Amino acid sequence: MASYQLPISGATCKGCARKISSALTAVPGVDDVQVDLEHQQAHVSGSSALSEAALQDAIAEAGYAPAEQHSDIPAADSHENPNADRSMQDISLNITGATCASCVRTIEQALRSTRGVKQAEMNFADRTARISGTANATTLIKAVEAAGYGASEMQPEDDGSEQEALEQAHYRQLLKHMWLGLGLGVPLMAWGLLGGDMMVRPGQPSQWIWLAIGLLTLGVLATAGRHFFIGAWKAFRNHNANMDTLIALGTGAAWLYSIVVVIVPGVLPEAARHVYFEASAMIIGLINLGQALEVRARGKTSAAVKRLLDLGAKTARVIRDGPNQQREELDIPVEQVQTGDHVRVRPGEKIAVDGEVQEGESRIDESMLTGEPMPVEKSVGDKVSAGTINQAGTLIYRATAVGKDTALSQIVALVKKAQGSKPPIGRLADQVSAVFVPTIMIIAVISALAWFNFGPEPRLTHMLISATTVLIIACPCALGLATPMSVMVGVGKAAEHGILIRQGEALQTSSKLDTIVLDKTGTITEGKPAVIAILCADGQQENTLLQLAASLENGSEHPLAMAVLREAERRDLTLSEATRFEAINGKGVTAIVNGQRYRLGNQRWLESEGINVSLSSDSLTQKGATPLFLASEGTLLGIIGVADRIKADSREAIARLREAGMKVIMITGDIQASADAIAAEAGVDEVMAEVLPEDKANKVKALQQQGRIVAMVGDGINDAPALAQADVGFAIGTGTDVAIESASITLMGGSLHGVADAMEISSATVRNIKQNLFGAFIYNSLGVPVAAGVLYPFTGSLLSPVIAGAAMSLSSVTVVTNANRLRLFKPHRDPS
Amino acid sequence: MTALINLAGLLLIALIISWFWLSQAGGRQRKQDATVSEASVIVKNGVYDPPTLHARAGQTLTLHFDRQDPSPCAEQVIFHGLGVSEFLDSGKVTTVTLQNPPKGEYRFTCQMQMYQGRLIVD
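Protein sequences appear in the order of chains A and B.
One point on numbering: in the working numbering, the residue at position 611 of the first sequence is 611, and numbering is uninterrupted.
Plus 1000 on top of the position in the second sequence (first one is 1) and you've got the working numbering.
Calculated from the structure, these hints are not laboratory results.
No experiment lies behind these values; they were computed from the predicted model shown.
All C-beta atoms, glycine included, are put in the ideal place defined by N, C-alpha and C.
Be careful, since some hints might not be right.
[As the list claims (entries may be wrong)] Pairwise CB distance ranges, derived in the manner of DEER restraints:
(1) A:Leu782 - B:Ile1005: 26 to 36 Å
(2) A:Ser22 - B:Leu1007: 45 to 55 Å
(3) B:Asp1089 - A:Ala434: 20 to 30 Å
(4) A:His828 - B:Asp1122: 28 to 38 Å
(5) A:Leu166 - B:Gln1099: 22 to 32 Å
(6) A:Gln34 - B:Leu1007: 30 to 40 Å
(7) B:Asp1089 - A:His43: 18 to 28 Å
(8) B:Asp1122 - A:Pro373: 33 to 43 Å
(9) A:Val186 - B:Leu1007: 31 to 41 Å
(10) A:Ala434 - B:Gln1099: 22 to 32 Å
(11) A:Arg363 - B:Asp1089: 54 to 64 Å
(12) B:Asp1122 - A:Gly707: 33 to 43 Å
(13) B:Asp1122 - A:Ala271: 56 to 66 Å
(14) B:Asp1089 - A:His828: 34 to 44 Å
[Said to hold, decoys possible] Computed list of lysine to aspartate or glutamate pairs in DMTMM-like fashion (alpha-carbon distance at most 20 Å, straight line):
(15) A:Lys118 - A:Glu108
(16) A:Lys417 - B:Asp1066
(17) B:Lys1044 - A:Glu167
(18) A:Lys300 - B:Glu1038
[Said to hold, decoys possible] Facing chain B, from chain A, some residues (calculated, C-beta under 10 Å):
(19) Lys416
(20) Lys422
(21) Asn453
(22) Pro456
(23) Gln503
(24) Gln705
(25) Gln706
(26) Ile709
(27) Phe777
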């Protein structure tokens, strides 16, 4: 008898102790192993022939050896790969089997002690390890495996192809199972239908044939139906019941009854000695077929996300400093681009990561993200987004966001998240689903008892058929899938049109809207106002007024201020320095220029400050311009008229909204007259003018108090409170900025058609959900009673469990297929 | 005989009600040992393992869902009442982060609610 005390390293949890213990126990001659986590030691006792080296090797192979012993394992491997790539590189691995923080240390230690590894870090959160050095991926994977964990090289970009391959494999397996089930079930059923004897006659050779068929059916249940039985058992142990429970119970009951008939026919009345092996096999075959069809149909529901993922470029041409301080251009995988890299994009190529243009001019097609068909001009300082296409000209841009931080990735994440949310309409189905399976089991028992007590002979057969058919026909899947499938397709469809729906709830509310409040600036209008006229008070000059106004507004990013500044720049005016600047929200600005206080703002504010507004702004307001009144101390100096053109398609889109039965209201801080002029041009129903920004939310609230279901459409920043107050808030024209939290729907394009599109898609989706829910509820509430035999008095027969199996497997496919119809939906952009 | 079969049927109904609705004892036994801020959940054979998770209120909970089940039913996990859902890639570990979930008991299920788990935040 010998005992050893061996040092270990990196073991801190019970899982590690188990691993060490099992590694040591596997060494021949070991009788007992105790792992002391506190002192990082393993105590081993066993036969005197035990070799300490063998025990140390076992610890090393488990990945818990002190560093000096551990390093041999991967190093040996590196000799096996003499042709390994010796250049420095970054490799990312997916790690499996890591369950605690100490596993991370063990894995990192294993990687770091591998020859050629310069740096290795593992991210426990996403179970990945990043390694820099000259070691190749195979060596690294072996090192991780030697440490007792699993590893695989991370693909450059998860474009879904791996998932597709897994789905395909699952699909093929389901088809194989279907053939197994139907291969046995169809001939048996044909035999029965063609008048073959399905009864067991004791003592006759047919009894042996039925026994053989019974065993074959058991084989089918154990192979093609195995996953149903395992799923049912696991769920049962957790006090849960699921679809597998129903299938396993239904097919299991049919088989069990039949095998009792075959083995001990004497215990049953003669009329009840019917076998139902064909039902078990057919149901298993048909449900596998249904699931295979569902896998196929489901693949299409996530097509929108796949398309978005496909937008990403695979490589990027980065400009980096070469060894001789010369700039060189390298084509590298897109995931290796780092923030700050300069990237060249040539005509026709995709923008690889988000960035800011440093050199060149071009047009970029952003339609795939924003839904806007017109290419956008880009020059130095403009932002470009990953996934968009450079049309003409070459650009060099600096990477500002890469990987998960790009707008495209955020859009994909947002769409995926929204696809998983449920509108309230699905709640009833959720509540029913939660109690569905046990309820069906109870109905099956009640049905069996009813047939036993009140049914005609053969009562036992009727009991079995009715209970089995109830279990098999009930389809919780159709109910559970009704809402999420439609939401998935609807949200994806919206994303294809540049509409990002954040929550399933917004989908449902959008379909019920009756009032739309549109902010004027940037929503109905271009949001880029320009100075169209300057009215001077006596003794004043246009340029002096403009110079003062621009000096006051210098540095402001308000659209009206920008218009004044642009005009001053156009006229080459030199601005004066303004001090003690103050912006009064919704009123104007004031500052000291050349030692004198000036005010620039609306008429009401100036009048409240005691300034006599002697000039009339009517000529400006009639043109839809916003008058900016400029006053020095107590004297009005003049009025600057700033007008904002309405967007080319605003009128058409508003007409479309009105045709859909919406009341369209324009809300603006502008004075009534200029608001009226814009409103007339845009064709809205009502105008709310001279509304301070903070009052917009109150106006929305007032409309809601009138019982209206209100949408607010604005830029998402200035209108945030109103957007949040509205039943549905639309942030419009955000480009690829998707981080507009206040809005439940973000329109990346600037067109108001997006609002109408979003409403149409929402209505279509909700309609689709209703169809699905109706179908699923009707199917179950008609199917279950029919299966229980309520039609028996009229038809004289019970529904076959095989028909129930076919109906059940088709019901969920029908739901998914109906949801897929939404993919064909096209918004109705032509108001005629 | 008739009475026996009827009795058996009624007993079966009582068992169904008791096992699936009234008793969650088994689920409790199979929950993780202690309150955690991070846990792994295996998605396989129609169930989440462990089916019950305990977390502390006010702490961020990180869950690693290891989907080993290719069935499309398993493709999504939804935390009811928390507004959190995530698509789970087949054959991969997907991390779901719950930011400071409030005190309460939440169900987490697949889309069709066939996979069922419970998150107890206390």
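* Asked: Hint by hint, which ones does the structure fall short of?
  -> Of the numbered hints, 4, 6, 7, 8, 11, 18, 22, 24, 25, 26 and 27 do not hold.
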